[in-house]
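Respectively, the protein sequence lines represent chains A and B. Residues in the first sequence are numbered consecutively from 1, following the working numbering. Residues in the second sequence are numbered consecutively from 1001, following the working numbering.
A hint or two may mislead.
[What the hints assert, rightly or not] Label pairs and their computed distance ranges (CB to CB):
(1) B:Arg-1541 to A:Leu-17: 26 to 34 angstroms
(2) A:Val-240 to B:Glu-1453: 34 to 42 angstroms
(3) A:Asp-130 to B:Asp-1523: 29 to 37 angstroms
[Unchecked claim] Some but not every residue of chain B turned toward chain A, in silico, with C-beta under 8 angstroms:
(4) Ala-1265
(5) Gly-1341
(6) Glu-1342
(7) Leu-1439
(8) Asp-1555
(9) Gly-1592
(10) His-1596
[As the list claims (entries may be wrong)] Sample of chain A residues with no beta-carbon within 10 angstroms of chain B, all distances over it, derived:
(11) Arg-42
(12) Pro-62
(13) Glu-185
(14) Arg-189
(15) Asp-243
(16) Arg-300
Just so you know, these hints were derived from the structure itself, not from any lab. Virtual Cβ for every residue (Gly too), placed ideally from N, Cα, C.
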Amino acid sequence: MGHGGGGAMSGELIEQLFLPAYGGAARADLGDSAVLAVPGLREGARLAFSTDSFVVRPMFFPGGSIGDLAVNGTVNDLAMSGATPLYLSTAYILSEGTALADIGRVATAVGKAAESAGVQLVTGDTKVVDSGSGDGVYVNTAGIGIVPAGVEIGPTRAEVGDVVLVSGDIGVHGIAVMSCREGLEFGTRIESDTAALHGLVADLLGTGVDVRVLRDPTRGGVSATLNEIARASGVGIELVERDLPIPPEVKDACGLLGLDPLQVANEGKLLAVVPADGAEQVLEAMRRHPLGSGAARIGRCVAEHPRMVVARTGLGGTRVVDLPIGEQLPRIC
Amino acid sequence: MTGVVVVAPTRVRVRVTVSGLVQGVGFRPFVYVTASALGLTGRVANTPAGVLAEVEGDTVAVTEFRRRLVAEAPPLAVVEAVEHGEVPARGGTGFTIEATTDGEGRTLASPDVATCSDCLAELADPGDRRHRHPFITCTNCGPRFTIITRLPYDRAGTTMADFAMCAACRAEYDDPTDRRFHAQPIACHDCGPTLELVVGGDLRSGEGALRGARDLLAAGCIVAVKGLGGYHLACDAGNGAAVAELRRRKRRGDKPFAVMTRDLAAAERLVRATGPERRLLTGGRRPIVLLPRREGAAVAAAVAPGHPLLGLMLPYTPLHVLLLEEPGPRSLVMTSGNRSGEPIVTDDQDALDRLASLADGWLRHDRRIEVPCDDSVARFVAGAELPLRRSRGHAPLPVALPFDVSPVLATGGDLKNTCAVASGRYAWLSQHVGDLDDLATQDALASSVAHLEELTGVDPGLVVTDAHPGYRAHRWARERAGDRPLRTVQHHHAHVASVMGEHGLAGGEEVIGVAFDGTGYGDDGAVWGGEVLVAGYGSYRRAAHLRYVPLAGGDASVRRPYRMALAHLWAAGVAWDDDLPAVGVCPVTERGVLRHQLETGFGAVPTSSMGRLFDAVSSLVGVRHTVDYEAEAAIELEVLAAGAAGAPDPVPTAYSFEVTGDEPLVADPAPVVRAVVADVRAGTAPDLIAARFHAAVADLVVRLAVHERTRSGLRTVALAGGVFQNAVLLESAERLLAGRGFTVLRPRLLPPHDGGLALGQILVGSRVRPRQ
Ligand SMILES: [Fe+3]
Ligand SMILES: [Mg+2]
Ligand SMILES: [Zn+2]
Ligand SMILES: [Zn+2]
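Just chain B, same shape as in the assembly:
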């Protein structure tokens, strides 16, 4: 018997919950449009657990709906999970978008996103009702993280709650087919925030404020500009006197400033950029990108004295676009509006008080900034992005974890602090908090933790921190832990675990972790920093380290690299003769005291720091004897080495560490130090010495890795720690290791320095069994 079986289309109703970063990114109108196109009826709502949709119709259409939900999600959405279940069909017609409901659960907040091309077009269109509106935004762009006060993400949960929508904005906001449907920061000339310029006792608003600010900048003045995550201090990047004045007022030393140009074309007149670098510059995250400066670029030398790279970013708010219009400077120095060492200023009154001695005028607006968020910084090394600061455009995007964790808080380290919370398979890293020396930055840590907990709903039952008993991050964790268990993680173990974690290595895996940085507290009470750790998440073994030299006087030897040079000379048995630049700059009284400290260990701690060895060599070569900011000496050595990279070295393997011992191996820098001294005395060009030193360190990495592979069979190397911000070293270590058959993991999502510690702390702290 043959026949045709006709299956009547079955009508089903399915309830779908989409969790992840799905609020404030146009997800509900997307659901509405998708369901309508498939002829489905039902409803969609925001809940604290995510977007909840019920769709009803025939099975095929419902299945297709579920496919499109993931495949065609809005650009800013990050779908974490989709749960679905059948519910009784109800019939009905049409599709409704419902108001936000309360309940249990968690959704994710979006980072701030640079102004989209649609909004930019409207901004420039004289016929548009938002023509030249400095706060134009839509569901695809604009402020998020920095204006959200609580979840769920709706207008009342942002600092835009202070502004009542006008009828026209309200209509767009309520229209599911509009690009601004439920765009919480929606605003226009009639109802949005307003611009204001404060100069002396003078107040100007709107276009007058903009024009006034541009005039000030053109005249070489310094203007505090309120942006997304705080105030910038801006001045004309082409005006040497203005930049020098900004340096003087900020007491900034020689640390490079970032520059914002009008557009990509203007940027490319200053720097050279590759395809991926251009995409990073123009993308939604819009970080500061370090790029090689063009010969004769039209920026003042004082922007980045003696530095071949320039930190560049493009406008990411409508206000920036308007500020950089003609007439006026085409490139602006844009540096964080803060007093040296303090967090970026977000509050208008604070800006007037704290930036009083720094700025000549204040260009500001009345949209409050809920949390500070500095610009992110990145560079490309060997074709891949190397984050140097993960902040605006990233925070609070989660990082996926390789295994489940119970709710946990990690407080990070003391320099370039970022903290993190995690639960389940996600960790949320805070924006850049800063160096915890001062009270204001410690307060910023406390509010970052509170804001992260609010945004993620994570209620940490465990607190993890660095093992250094004197770290503020450690003390803060101890004070705040209360009844919760507190676990400490060795600094370099956290560095290595962080790199393992961002690469998704599973819970049981082990790597050869090369952790090179400035200082971290070691298990033996020494200051570590030139370490090879065979590490899993739960434990590690110290496989190799640099030979200890005395770090005399703690921070004094960090701020004065010549002291580290003298320490390494002493350890290498080289006399302190005045012909060596590092010896010459050390005052005679200090030499006597230092020698005593080195010989007796008084006020000195043994250190295996690779960062300090870079400092020492930098001083030995005569490049930099004292520093204004961390790693300055090492960076200048890298610049020298990079300059020499083109010229073939007549003696390519001139320097070599001596590796002895067994468990752990000890790498002695003495032969390298002696070779550097011999080259200095022979008048070898400093850039060549710098290049040889970098080659010796890269060679050491390979030798130690090969040795460990022979011992344990491990073939994966993780490169971690602040020293790997050094592009010359990172590039050559990566290349040489790959050439020897290693799989190389390097930081891609998080910075190699202490700004990436918190993730490692989370992974190790969640894995380690508490000691009894």
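Chain A extracted, bound-state conformation:
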């Protein structure tokens, strides 16, 4: 089952199962977070609302834990709509027999992450299921925040000529979790970069540049996220392979495992699509922020090959960057 992989299969589940089943009750744009007009807010401001469930294994890995992800993930989903995150709910599903110490470590991580992100945990829930129905701790968080007037960020807004930026190294989190879970030795120790990104977002919005799209390339990696943007906006996206900030240890690990770094999950990173004339300004603002010191320009939106993402290779060719499917299968015959 690859339906949780964040690639083509989860998209299919949403389009072919959930939306039809919901009927008239659902809005068609089941995005990472919803931006809603709510009566009583200040003129032009809107409510951002998002939820996410966290099932990562192992629960603790170099650089973080499921608790950090649960807070940062939802905070980031809100931040990617330009919202200032305010309140979070936390819901735990615990399997019977999970060590109390582990639950405590997760809860502590949740608290610390919330504090450092400046959000309040305002409601919650806990359920215990038979051991066998799961193992360890699963966490769901939901959050709300306020999108200020004038901020219009959305996946459909990328335009031909826009520039694609990334806030730092690609593939680090996924490889860290994977090597820890699998007990793999790649030679170099890699740590997850999980972080709350709304501070960084505030800085880049502060430039006054009309930021079109913001996304955190989590499941399915940069590849899945950019494919979604290309489709939603109807533009082509062209990356330049040598401009992609992929650390050598991620490259090596991917090489050994036969993975594409662009399909590996990230946590503390964002992708921004901005107008070309504001790109330099945004890039500088990002680089001044500690979470964006490795920011880079990686590509642009083009009129050619609409809805497709390609990468210009060192040889001058253009490799097609696919939406990942459930698992990486070889295509070579």
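Chain A is fixed; fit chain B with the ligands onto it per the hints.
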């Protein structure tokens, strides 16, 4: 009462429509000459439905006319159907050839044809007005497929529309008795395309361009040469430095280059050829033919490093003939003008841009190439042609189908892609499109489909593709299908159906399909590739397969055969000791990660691939541990085995697969792997190990076929899949099967590899009932 009954000769008028490949091949003048010789009056015209003739005269002559129409049709014509019906007689005198008319229907376009002997004679004749004209052509030869922009085939529907005929050419074009009557690419020095050589900022034209290009080649430079279906990169095949430089610039690794020689005599100084091979070399299709290289042949080692075969072709355009004249190199490397992985370049500006870092000069002309078309490649195995790439000279000739199909499009596979459309009893396969990794090749797929649909008039109501959800060909089909139904076909079922189809097996028949290839998506989500399928067009049953081993890291294990070697060692319970070459080359860190992947299945998919087993053995023997191009390791193993073929094996049945289970049977390579390891450790010569391995695989084919015959009574075996490009294996499997009383079907018209998938997809996709 006796008497003589005198039957007055009856005057009849018959309307005949000839459909098939009948335009641009001199069919109308043939009709004109035939009718005139029989004293018939009437008319002939090209219509979109084919050639339409009305002939009038006495019954006997009209009957004879109809006989000759089929029996004596022009050499390039392929008559698909002849319909006739009587119409009222009109009288009249003379016979007219009418202008092309519009209407419903479809005719077939011709492939490109090598320059004919008549044209070659004129090219060389100082008295001829087309002496040394690089674009000389007639109704019997020249460009077709690559210059046709639309049907019906007339001058306006080709890229020759850009050139206005001079009076002399026009007169020949209009004269039904002339060899150039309605030869659409007709041209001469006065009105035709012109040659140009671009070197740096320098421009030369005509003879100066030719001479300049030959000088560059003689000096060891690389020249981009615009041909029929695209640009070639050419250099002196006898100049090691030039060939090495071409390899370096193209980043080509060790993949062999093709060579073009001046003529057959020059070719035979480099290679040995049999009668049928000579006919293939000199025929109208003129593919690259793989032939055994002569000892001490005057070609640089870098042309085909370590390879006993040489890919050879003869000039097929007047420009090639002129380029290979004295003085200048007598043999040229001619490789597709492209950047690694991209389609062959056809556009002049693209050639300047994309080949900028590859070529020192550009020899080009101003006749546009409408669609790219690479050279075809073939070899002979056990006396019969084995196509390795079906492209120039073939496309867009149709393949006859064993049953009627509704209009359908098949998008093929991801490697060596060709697509196809079909309708009724014909399938039209595209030229070679290439590997679909890059955008340019995917664009080439889209334009190939559009061009095929234009040329054939097929408007597909059904789209068929491979079942692999990650194939670009699959995704492309899904995106383009729109409202049309999309059907997917299991990869190896398509391979087997393709071979059944080209042999004309009827709709209800079944075969024992042996499909051995690199990878194909299996119904269970595993990567298949060592399969025996009992197959009809509509369905199949998996009768046997190689035992699964983990393919760790997808494409990583394809590019690094040593990983497959380690996987097979692991599966066979052989320790990874450093004395084994395959183990020695695997870095220690990678070994740790790989072992973990094999043990836990992390990032690994089970595979029954025979191609990967060849890779593994190639690495175990120490032949090839990493590859630059697909099947490289397996090809080098074949070369070794072929070298050992002369020497009798002291232990001929040393290796044997273990076959267990029932439905399906499982063939375990572990005993073979262990035997290979034992031989490697005993210092057995690698060529002998390679030969024993090939013998074991051929023996497995026979054992599995015999087992299936016992079960189901089937006696026909179809050999399919890329592994059967291997001549040693194909030859021995075919011979052993025939010896056991099987009828053996092997690929003859289409390549065994994924370049032949589209036909199988058409047949299966048209036959299978859609699932609810
Ligand atoms: Fe295949
Ligand atoms: Mg999320
Ligand atoms: Zn000719
Ligand atoms: Zn002329």
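Verification of the hints:
1. The supplied range of 26 to 34 angstroms is met by Arg-1541 (chain B) and Leu-17 (chain A), whose beta-carbon atoms lie about 32 angstroms from each other.
2. Under the hint 34 to 42 angstroms, the C-beta atoms of Val-240 (chain A) and Glu-1453 (chain B), about 35 angstroms apart, fit the expected range.
3. Asp-130 (chain A) and Asp-1523 (chain B) have their C-beta atoms about 34 angstroms apart, which keeps the hinted 29 to 37 angstroms range intact.
4. Checking Ala-1265 (chain B) against chain A: minimum C-beta separation of about 39 angstroms lies over 8 angstroms; hint violated.
5. Below 8 angstroms, beta-carbon pairs count as interface contacts, and Gly-1341 (chain B) has one with chain A at about 5 angstroms; its hint therefore holds.
6. Interface hint status for Glu-1342 (chain B): upheld, as the beta-carbon distance to the closest one in chain A is roughly 6 angstroms, under 8 angstroms.
7. At its closest, the beta carbon of Leu-1439 (chain B) sits 4 angstroms from a beta carbon of chain A; the interface hint therefore holds under the 8 angstroms criterion.
8. Annotation: Asp-1555 (chain B) was flagged as interfacial toward chain A, and the flag holds, the nearest CB pair being 5 angstroms apart, inside 8 angstroms.
9. Satisfaction of the interface hint for Gly-1592 (chain B) is found here, the shortest Cβ-Cβ separation to chain A being roughly 6 angstroms, below the 8 angstroms cut-off.
10. For His-1596 (chain B), the suggested interface contact is upheld, since its CB lies about 6 angstroms from the closest CB of chain A, less than 8 angstroms.
11. With a cut of 10 angstroms on Cβ distances, Arg-42 (chain A) stays outside the contact zone with chain B, its closest approach being about 44 angstroms.
12. Its beta-carbon lying about 17 angstroms from the closest one in chain B, Pro-62 (chain A) satisfies the requirement of being farther than 10 angstroms from that chain.
13. For Glu-185 (chain A), the non-interface assignment is contradicted: its Cβ lies about 6 angstroms from the closest Cβ of chain B, within the 10 angstroms cut-off.
14. Look at Arg-189 (chain A): its CB is around 13 angstroms from the nearest CB on chain B, clear of 10 angstroms, so calling it non-interface holds up.
15. At roughly 18 angstroms from the closest C-beta of chain B, the C-beta of Asp-243 (chain A) stays outside 10 angstroms, upholding its exclusion from the interface.
16. No Cβ of chain B comes within 10 angstroms of the Cβ of Arg-300 (chain A); the nearest lies about 15 angstroms off, and the non-interface call holds.
Of the numbered hints given earlier, the model fails hints 4 and 13; all others are met.
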